[in-house]
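Novice: Chain by chain, the residues run as shown.
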Amino acid sequence: TQLLEQSPQFLSIQEGENLTVYCNSSSVFSSLQWYRQEPGEGPVLLVTVVTGGEVKKLKRLTFQFGDARKDSSLHITAAQPGDTGLYLCAGAEIQGAQKLVFGQGTRLTINP
Amino acid sequence: GAVVSQHPSRVICKSGTSVKIECRSLDFQATTMFWYRQFPKQSLMLMATSNEGSKATYEQGVEKDKFLINHASLTLSTLTVTSAHPEDSSFYICSAENPFTDTQYFGPGTRLTVL
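Residue numbers (my numbering), protein chains in the order written: chain H, 1 to 112; chain P, 1001 to 1115.
If you are wondering where the hints come from, they were derived from the structure by calculation, not from laboratory data.
Since we're looking at a predicted model, the values are computed, not measured.
Glycine included, each C-beta is placed from N, C-alpha and C at the ideal position.
A few of these clues could be false.
What the hints assert, rightly or not - Listed next, the in silico DSS-like pairs over lysine-lysine satisfying Cα-Cα at most 30 Å (straight line): (1) K59/H x K1066/P; (2) K1064/P x K1041/P; (3) K1064/P x K59/H; (4) K1064/P x K56/H; (5) K1041/P x K59/H; (6) K1020/P x K99/H; (7) K56/H x K1020/P.
What the hints assert, rightly or not - Restraint-style ranges between C-beta atoms, simulated for each label pair: (8) N1070/P x N18/H: 26 to 36 Å; (9) T77/H x S1083/P: 20 to 30 Å; (10) S12/H x G1053/P: 17 to 27 Å; (11) C1013/P x N18/H: 43 to 53 Å.
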């Protein structure tokens, strides 16, 4: 069974600070997706990274896929209170029905 | 707009009754849909893979007779929790896989409370 270790699981920082969330695995994934989830709602897709070494930017969010496609990171610059939420990484298995393996999630709180 | 819808968003039922949750793919035909369960302050746990026109594939430890899945069309999958008990209370989320992008899009979730 493939596992995805996400860290940190909880993070509380002040507005304006930078932060990085990590997802690590010993397994290779065909792609890796980052989601954000609000309480009582389903996860909303932020980005999909497919190619090893790929970097994608979404405004103040920068996503990177490791060269070996085993790990990924999410970096937020100048965090704002609106960034508060649960961030989930999910790796897609290489074979089969593209099942997603989810990390434990990072509960991010940005204090004004 | 929403890509995947779920109905109902909330349901409260008595112990022993069955509850059906619908998941619809609104923007694309989905051969494959997935059902997840999420406990408070935890990540998503995959329950089963729903395949259009064939039997669902259940993850280890998930009772197929308790969680009945039907994927009768390319835009609709249903999850029926049979003879529900309080321990089945949870947040159930479905997703649909876009066959052109291999990306999963999630529904808004269904909060099930069994009294």
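Novice: So, for every hint listed, does it hold in this structure?
Specialist: Status of each hint after checking the structure:
1. Simply put, K59/H and K1066/P have alpha-carbon atoms about 44 Å apart, too far for the 30 Å limit, and the pair is violated.
2. For a cut-off of 30 Å, the pair hint linking K1064/P to K1041/P stands: about 25 Å separates their Cα positions.
3. At most 30 Å may separate the alpha-carbon atoms for a hinted pair to count; K1064/P and K59/H exceed this at roughly 43 Å.
4. A C-alpha spacing of about 39 Å is found between K1064/P and K56/H, which places the hinted pair above 30 Å, so the restraint is violated.
5. Restraint check: the Cα-Cα separation between K1041/P and K59/H comes to about 27 Å, which is no more than 30 Å; the hinted pair holds.
6. Between K1020/P and K99/H the alpha-carbon distance is near 23 Å, which keeps this suggested pair within the 30 Å criterion.
7. Simply put, K56/H and K1020/P have alpha-carbon atoms about 39 Å apart, too far for the 30 Å limit, and the pair is violated.
8. A C-beta distance of roughly 47 Å is found between N1070/P and N18/H, which places it outside the suggested range of 26 to 36 Å.
9. The supplied range of 20 to 30 Å is broken by T77/H and S1083/P, whose beta-carbon atoms lie about 50 Å from each other.
10. Between S12/H and G1053/P, the C-beta spacing of about 47 Å breaks the proposed range 17 to 27 Å.
11. At roughly 46 Å, the beta-carbon separation of C1013/P and N18/H lies within the given 43 to 53 Å, and the hint holds.
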